[in-house]
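Engineer: Now for the letters of each chain:
There are 2 protein chains.
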Amino acid sequence: MSPAPTHEFIPPGSRFHALSSPFPMKRGGALHGARIAYETWGTPDAQLGNAVLIVTGLSPDAHAASNAEDPAPGWWEGMLGPGKAIDTDRWFVVCVNSLGSCKGSTGPASIDPATGAPYRLAFPELSIEDIADAAAEVVRGLGIGQLACVIGNSMGGMTALALLARHPGIARSHINISGSARALPFSIAVRSLQREAIRLDPNWNGGEYDDDSYPESGMRIARKLGVITYRSALEWDGRFGRVRLDEQMVPAADDPFGLEFQVESYLEGHARRFVRRYDPNCYLYLSRSMDWFDLAEAGGGDVMAGLARIRVERALAIGANTDILFPVQQQQEVAEGLARGGARAGFIGMDSPQGHDAFLVDLEHFGPAVRDFLDAL
Amino acid sequence: MSPAPTHEFIPPGSRFHALSSPFPMKRGGALHGARIAYETWGTPDAQLGNAVLIVTGLSPDAHAASNAEDPAPGWWEGMLGPGKAIDTDRWFVVCVNSLGSCKGSTGPASIDPATGAPYRLAFPELSIEDIADAAAEVVRGLGIGQLACVIGNSMGGMTALALLARHPGIARSHINISGSARALPFSIAVRSLQREAIRLDPNWNGGEYDDDSYPESGMRIARKLGVITYRSALEWDGRFGRVRLDEQMVPAADDPFGLEFQVESYLEGHARRFVRRYDPNCYLYLSRSMDWFDLAEAGGGDVMAGLARIRVERALAIGANTDILFPVQQQQEVAEGLARGGARAGFIGMDSPQGHDAFLVDLEHFGPAVRDFLDAL
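Chains as they are written, first to last, in my numbering: chain A, 1 to 377; chain B, 1001 to 1377.
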């Protein structure tokens, strides 16, 4: 087996933070010589009091927006930059690539220094808490005593809560976007099925694939199922309706079950832009870490108690009313729990048709909410 | 390739109606020597004026309830029988297995008389309208001049509308349960992905599988994705929460991505009860027929006009507010459209947590609605 091609996934502007070695993992084992990829925007002030940390969803890298090191647009380009909602004229912004990812941080596709070969399934069990601990080391490594704010989207909303729970005082405030304090069975079921599709692909081969035998079918299904649950039926009714593809766009006229409707072509495009650009084992590890996450563990079995033990001065939880994967009731729960802990905490359920992905695309609604919160700090 | 084992899927109490031969198909081609499996309950009155037809969803057979020929419980056992909501002391009830299915009616798993081998993908393209036309032949073959009511669930809701549109006067009334007048992009996307999972299974082999090389992985994923969309997150939160499986119930402790949560075991049970009991090619054909269905074709491009051309005296459309696959707005559309055509038409959106499957399990709500409608006829 040739090593997995981790190098090609790393944004060119990435910097790297070496984690403490050994880096202990919550569920057992430790990493040696591990690193976290991150990027920054803006300028730290003298006291390093203007630092904002962004922790991400499953698939994004650390390149949230263009910057001096990498002018390519990032995955949150409209939200982050000079004069934008997360205003880099005021804030020194750090975005970390999650531990376990394949976008520059150490994960199952990285080389295990003990063997010289990729970890694959020998990577220790990964939890959201490990991702949070690794992010905390980046924050400390940059000399930041206390973040002005930690912002977490989707899986990053879980990571941010774990960070706040495990590292008291690490941030004065928190914005939780389309996140949750624990995984519930609908999203567990979806992610379990995504993982099963990858594992059932004969090319997955117990994690021992390479470029020539990449589990493309499994990753296609996993990604398409993701996109189905990231959006909403309402948006698609208006966007695609029952519109057919042009005949010349249909890939294979002799395929009786091939693409026919625009919505199928949309899913196909998403799959093509994802497979072979994401490592399947990393996907499995990060996906499972979300299922395991339950802030009730920090609250004696009660998720509200777990949230109430977190100390931040101000908090905001935002989501889309059409999100079926991280439903807004979960963001409401986050706001209520943080308020019990003494935070001035608000909740906004946006009427965005774009479902879970709304924070990426409905910047008209999510932008002002984030801007107003940060401006008032 | 050995013939597909269609025989073992047929309920022992099935009767068979020979379709006209050739039986022309809407999208081209014709069937020769085709048949429809059906079952009956109750006794026809002298004028055959008490007949009720049930057309089904994708997977059910004609055995909706126990009867003299087959005492095993049926898939709608609680709804259909003496004194039940569909009261077989009053009604002569007929349930047909859809054309294209593998439960006794002719479909892609049946033997093509022209070749002596299973049709497989040589079966002509199947539409909801063909399923409706075949059901109409059963009704006529039983000597029924006009049905008192046609009841359609899920895909059967589409079939019933096609039947009413193409066979004016065939029924005096109609109950549309969790059905729709056209497929919309969310459900198209889900079904397209289910079909892709089957087609990507190497064992599918362009439809040329047999018992020894059955596309089990693809069918597992298709079924689990179905079950995820048939239910609702709300129900699962209450039913499963984050409860783990007992350790001895976990199939393989050495499988790092194996079953851990109760909800995963629930999906697994559904998959096991489905794979190898449903023919994959039949699944592909019936699934695609739903995507194609659009009653707007009968209304000059306007779905409401298509519905308004249907003539029934009374109609009722029912659904569950938690249905994400056939959302209640689609049942409301059916009621409004049939009302425009002159029917006394009602709509009930039930507060059932069980999503699309509610009509199968929430008989506390769906039963009285059906009973009240039929009692008033």
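Just so you know, the hints here were simulated from the structure itself, not pulled from any lab data.
Using N, Cα and C, we set each Cβ at its ideal position, and we do this for glycine too.
Watch out, some of these pointers could steer you wrong.
As the list claims (entries may be wrong) - Each computed EDC-like pair below joins lysine to aspartate or glutamate, with the alpha-carbon atoms no more than 20 Å apart:
hint, chain 1, residue 1, chain 2, residue 2
1, B, K1026, B, E1260
2, A, K26, B, E1125
3, B, K1026, A, E260
4, A, K84, A, E313
5, B, K1026, B, E1125
6, B, K1084, B, E1260
Claimed, not checked - Covered stretches of chain B (chain A as the covering partner; in silico rule of three or more C-beta atoms under 8 Å from a C-beta of chain A):
hint, stretch
7, 1037–1044
8, 1151–1158
Engineer: Each hint should be assessed against the structure and marked as holding or not.
Structural biologist: Outcome of the hint check:
The suggested pairing of K1026 (chain B) with E1260 (chain B) is violated, with an alpha-carbon distance near 47 Å, which exceeds 20 Å. Our distance criterion of 20 Å between C-alpha atoms is broken by K26 (chain A) and E1125 (chain B), whose separation comes to about 55 Å. Between K1026 (chain B) and E260 (chain A) the alpha-carbon distance is near 18 Å, which keeps this suggested pair within the 20 Å criterion. Among the hinted pairs, K84 (chain A) with E313 (chain A) is inconsistent with the structure: their alpha-carbon atoms are about 23 Å apart, more than 20 Å.
Note on K1026 (chain B) and E1125 (chain B): the hinted pairing holds, with a Cα-Cα distance of about 8 Å set against a maximum of 20 Å. Restraint check for K1084 (chain B) and E1260 (chain B): not satisfied, since their Cα atoms lie roughly 40 Å apart, outside the 20 Å limit. Judged by the Cβ-Cβ criterion of 8 Å, the stretch 1037–1044 of chain B is not covered by chain A as claimed, because only 0 of its residues qualify and three are needed. Note: the stretch 1151–1158 of chain B has 0 residues with beta-carbon separation from chain A under 8 Å; the three-residue rule is not met and the coverage is violated.
Violated hints, listed in ascending order, are 1, 2, 4, 6, 7 and 8; each of the other numbered hints is respected by the structure.
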